[in-house]
Amino acid sequence: MAAVISAEGVGHTYANGTVALEDVNLEIGTGLFGLLGSNGAGKSTLMRAICTLLVPVRGRVTVGGFDVVADRRAVRGLLGYLPQHFSAWRLQTVTETLDALASFSGLTHRKLRERRIGEVLESVGLANVAHRRVRQLSGGMTRRLGVAQALVHEPKVLVVDEPTVGLDPEERLRFRQLMAELGRDRAIVLSTHIVADLGSGCSDLALLDRGRVAFRGSPAELVARAVGKVVEVTVPEAAEGDLMNTLEIVSRRAADGQVTVRGVADKAPAGARAVDDITLEEAYLAFMVGRGRHADELDMSDSSDSKK
Amino acid sequence: MVNFNNIWAVARMERRQTRRLARYWVFLVIAYVFGVGGYVYYSVLHALFSSLSASVGMIGPRYLMGAIALYYLVGFVLGIVFLGFDVRARDIREGIVEVLDARPLTNFELVAGRFLALFLSAWIPIVVLVVLIQSLGFLLPLLGSPIGSTVEPLSLVNFAVFMAVPGLVFAIGLVFVITLLVRHRLIAALLAIAAIVGLVWFMFTVPGPVAGALDFLGAAQVTLPSDFVSGLLVPGGWWHRAGFLAIGLGLVGIAAAIHPRLDERKSWTPVAGSVALVVAGVASLAFVVQTRLSEAANIERWRVAHEARVAEPVADIVAIEGTVSIDPGRNLAADLVVELQAPAEQSLRSVLLTLNPGLRVDEVTTVDGSALAAEHADGLLEIALDRALAPGERTSLRLRYGGRPNTGFGYLDSTLKLESLTTNEAQIGLLGYERGLFDRRYVALVPGIRWLPAAGVDVGRDDPRTRRTDYFRIALDVELPSTWLAAGPGKRQTVGSADDRTTFRFAPQPAVPEVALMAAELKSFATEIDGITFEVLVHPDHDRNFEVLADARAEIEEWVAERLELARDAGLAYPFDAFTAVEVPITLRSYKGGWRLDTALAPPAMMLLRETSFPTSRFDFDVIGVFVAGSRNYDQEGGKPRIDRDRLVNFFANDLSGGNLLAGAARSFFTHRTSAAGPEGIALDFVLEDLATLLISGRRSYFSAHMFTNLNQAVTAVMNNLQGATAISDAVIRSQTLRTDVWDAALETPLSAIDPSEDPQRALDTLVLKGGKLAEVIRDRLGPDAIGRLLARIVDGHAGGSFTLAEFVAAADSVSPDLGPLIEEWIGTTALPGFVVRSVEQYRLPDDENGATRYQLLVRLGNEEPVVGFARVSWAVPGRAGGAGGPVLVEPGQPAGPVNVNPVISRSDAIRFEGRSAQEFGVVLTVPAINVRVLPYLSLNRDDFVAGVLPTGEPPLRNVEPFEGSRVIDFDLGRDARIVADDLDEGFAIVTDAGGDDFRLGQQNDSDEDLDQGLPIATTALPSRWSRRGGPAAWGRYRHTFASIRAGDGSTRAVLPATLPAAGTWELEIHLPPFLLNFANANSAWSLEIVSADGRETVEYDASVATQGWNLVGEYRLPAGEVRVEISDRAAGGLIIADAVAWSPVRTFGAGGAAGQ
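Chains as they are written, first to last, in our numbering: chain U, 1 to 308; chain G, 1 to 1157.
Simulated from the structure, these hints should not be mistaken for lab results. Take the hints with a grain of salt, since some may be wrong.
Claimed, not checked - Pairs of lysine to any residue residues, derived as SDA-like cross-links and limited to a Cα-Cα distance of at most 25 Å, are as follows: (1) K417/G / F4/G; (2) K111/U / R12/G; (3) K523/G / L485/G; (4) K523/G / W559/G; (5) K156/U / M1/G; (6) K640/G / S145/G; (7) K417/G / F619/G; (8) K267/U / V227/U; (9) K523/G / H542/G; (10) K111/U / G140/U; (11) K111/U / R16/G; (12) K491/G / D477/G; (13) K156/U / G29/U; (14) K156/U / R261/G; (15) K156/U / F4/G; (16) K111/U / S138/U; (17) K111/U / E122/U; (18) K156/U / L262/G; (19) K111/U / R261/G; (20) K111/U / G125/U; (21) K491/G / R568/G; (22) K417/G / R301/G; (23) K156/U / R133/U; (24) K156/U / V2/G; (25) K523/G / F619/G; (26) K111/U / S145/G.
To be verified - Just some of the chain G residues that point at chain U, by a computed CB distance under 7 Å: (27) I96; (28) P260; (29) L262; (30) D530.
For each residue, glycine too, the CB sits at the ideal point set by N, CA and C.
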């Protein structure tokens, strides 16, 4: 697979001394690429570097063969970008916003632009609010508009940062399907702390921790690494608290005074049994626990809106 | 590589955004209210008032819309600040900045797109406004509207293109740069506003050419609109506008360079080009400034060259004869024979003439063809004669010259140099700025540009103390395109026509001091009255008033014939065979140079009518007839035609911009025929010119170009003096001559010693004050016939030359024995009479033999000063009930006419008062008078004043003989025995609790504030400090003034001291003028303190019951010596007035305490 995006020895330190990236080497090809990591892991810094919004202090990033520093304009021509915090000009309508942004990305033919705007609005479910002003959109609609603007000019590379924040479950599902669909013929970099967002379309991912690439491989490889570390244990409800110290709890279910807890542990507590239907989320947690992290640091909740 | 699609895409998005901003529409609505409102406002003003005065037409929308564009643009530019200050902040605030920055869009494309959007958002409404206004101008008249006319088209192009485009581009660029540098949008907005307001402020306050460099809106770079010589930009204007456009675009480029991106990289690519644009723009402006400075330097160089030779002997030009061929806009070719005469006391080896430096002297020969050496530099033509001319000897020279006259030449010694005035003062530009015109559409060869040779240097010509006016005969053949007409001195005779050229001859019989020649494609309206051709030449489209006034033609002709007859019967016949009023472009400068800046619109036998004057004034709309009920009685003798005639006469008489046709015509009777010489020359010329104007037009006239350097102040002053004035010209004269500084000068300087070198405007106004009053008193004492005889006597003896004071006095003596001494005394002294009313009495007389009621009005008046003085008495009687309008003035000896207004004012002849004498004036009336005033001529009273308050109700009956006329009475009869302390007395003071006096009589201050004998002059109804104001009904020994202040906290008091000769019980009265009495009454309690050696007594005075005149305060027992009445500003509201207080003894005590009287 030819690399569409390439990062070689990329490092970045902010002016206040915070090291955001350290020797990141990545090659990303066509398809949905997941970028996982906890808050502050360096995901957004890497995304911004890819999107030419930040010049890394060290190393080199290329997109489609173009250097993000030397050939910014060429890179920007290939990109569709949905930042973590997106809104648009409040006084413009949805269509006008997309029309302007599509024009900026080189979609100069009016008819073509109109067609694309129609398609993309349909695909993100905003067709019925096409003429509504941005300030009249709900948070979810604004987020979908963000997706639409990133797609409207059919970019070769799509970079989406925490794309499902604020979406309801139905919208999130549709988004995952859309990403899977789009990932067939373009590179999509999807940065998220919600592992479920990667969905079935994700065939490749990287896990960033403290500015470094801690894992690079397929979701299956990540799951394989977790075998034996994801366990399930059933204890009386009164004893559940004792498990907190030994297990990073992923889920629980209670019945008849007993509670069955599923979690990740380096060292399984007594009575625990390893499970074989490990989810990608559990695998990610297991990996991070293995690096000495705890679940509450990772903020993996899909309802979390803390980053907004 | 710039992607223009991106720029346009940004612009489209940004325009949508701008259009959805409420503030954009607020600015737009305000701008349109100003724009359309201004058009409608000026259209209405023009329709209503332009036929009232030849000066009012200047406010016509056709010529003014371009000028008010400045204010429109300033408003819109300030609006741009609030649209442009969000250029980056909004993207960040609205959360789209990352998406934008990740787009393949350069900073330049983004900023340029936004610039384009903002520019279009501001500019398109301007274009729409222009179209809207012009459409209104077309449609309104078609729809039958009495207002509305099209605006001169090129002035709109100037507005929309040459003012707006560079102005907006510059403003947007400036706002962008400031916004992007400062980042904080509120601070950026404040800074941008400060920068724009600062630029405009500096533009209005720094002098001439430098101001041009700050004139980013281009207000001073566009030509005044004209239907004759419509144009776009003034010379250098193209460079100027291109300069600001370049700077604006450069600033936009710099804004693009400093526009931040999230990658923290600046796009420096546009910087080089942008900086280069800014530099080129600045260089262009510098070039314009330098060019204009060098033009000003040219004038200065010429002036210096002329000044250097001012002492050289001047040959007298006796006659100029020959041909002038004009190819408009291209060439003037003159072939002249000039007859010269050496000075009477000096021989001449060479002749020094002034001739326009733009003309090339081809040949100078004697009349028999011998070539003479001549040098023509700096507008000076020096001709070496082939032999010396003996004193008084004459010779003739032939001059051939040609080329394009330099219309920048002329008026070298002008005390006001338009080139170095601030933009504020350059309002004088409304009087035109082109010294002459040599355009392919109009040729205005005014004398000032010296298109004909003039004797001597071209400085000091308007100072008869050092330079006699040179009068010469003229006979010119003027060759012009065959479609053109020309106006010149005297009758235009067609002498030939060939090859699309026509030759006209101007050969007036009298000698003239100057020659003007105006030529263009003009429409002629001519008539002949008493053998004199009267012709009006106007732009072919400006003929509407001839239709409107067609019915009044016979009346007008009759009126002109009467004036001619009046002058002729007095021996002063109109000397020319024609009088031509010719329309001139608004751009032509209408004032001359020198100290006086006299009108340039009245050359011999001509009157130049500015475009905004009669040709375009709205005589079809009679505002007085429409809005002032009962003011037009169309059934009276003469009917509407006579009313229209009077409107026309008043129209010119009310001119204040040098275009008074009547005053201009009067010059051809006298001023253009002879003038004074010697130390008193300035005063004599002025008085005689005023007399000629009074004779011909019946009224005085006033023109001072100085006034136009602060037009707003002047107009306000005129408006303040309109009340009670019978004509606008009176109000103008009053406003200019009642100024304290003018009076101070008048009291210090005799007429003969007025020196204009220090303060020309003050000198002129002092002349108007003293000389004008002298002319008035001569007119009122002797009547028009005697004036005519006096002027005729001088003309007969000195036509074509000059006269001295002695010759003038001799002529006056021959007309009236007491006139000569009077003139001599008035011209040579600073002493003035001062009038004090002794008493005013009115009683009923027995009915006359027909049973008609009769009332006797007696006014006793004393002249307290030891010099001769003159005064009149005026009285008002109520008019017919239900009448409306202002007062009607009835001249002595004239019937009052139908009494249809309220009140009717009559006045006496001028009464002569010897020094320290008193007279009684009496008049018998059919109804009691309601108001009596004293109207002194030049006196220490300075202004008219109320003689006294007449009791209301039926006057008492006295069975005495009626008395009419005036008679001398005992000087001491009726003197006021009270001890009066007035606000102008020496001891009057203002004290404050802060300590000490803050005012003493005669105090000066360092600020520019105008003081009237130590107190600020009141400029508002409720002044915040004790201020002085004049009022005819205020008390005053001579001047009638009062001090006033708005109610305060009691921290300041006006002190009126008096010295009581004896201890006893004294009655205190306080005098109050009617002026603002309502303000005074608004507060019922004033705090008065009576301070004497016995202590301080506080008196609460109830001002709500006060009436005009003297009001009793109370009786007080007081010691002898100084007693002060202190009027505090402490009151709950309203105005506190300190006019005068009076002490009368009720009972006094001798030293031993015995009661006495």
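Comparing the hints with the structure gives:
no.	hint	verdict
1	K417/G / F4/G	49 Å, violated
2	K111/U / R12/G	16 Å, holds
3	K523/G / L485/G	8 Å, holds
4	K523/G / W559/G	24 Å, holds
5	K156/U / M1/G	23 Å, holds
6	K640/G / S145/G	23 Å, holds
7	K417/G / F619/G	35 Å, violated
8	K267/U / V227/U	12 Å, holds
9	K523/G / H542/G	9 Å, holds
10	K111/U / G140/U	28 Å, violated
11	K111/U / R16/G	20 Å, holds
12	K491/G / D477/G	12 Å, holds
13	K156/U / G29/U	11 Å, holds
14	K156/U / R261/G	23 Å, holds
15	K156/U / F4/G	23 Å, holds
16	K111/U / S138/U	29 Å, violated
17	K111/U / E122/U	17 Å, holds
18	K156/U / L262/G	22 Å, holds
19	K111/U / R261/G	31 Å, violated
20	K111/U / G125/U	21 Å, holds
21	K491/G / R568/G	19 Å, holds
22	K417/G / R301/G	14 Å, holds
23	K156/U / R133/U	29 Å, violated
24	K156/U / V2/G	23 Å, holds
25	K523/G / F619/G	19 Å, holds
26	K111/U / S145/G	49 Å, violated
27	I96	5 Å, holds
28	P260	12 Å, violated
29	L262	4 Å, holds
30	D530	77 Å, violated
Violated hints for the displayed structure, listed by number in ascending order: 1, 7, 10, 16, 19, 23, 26, 28, 30.
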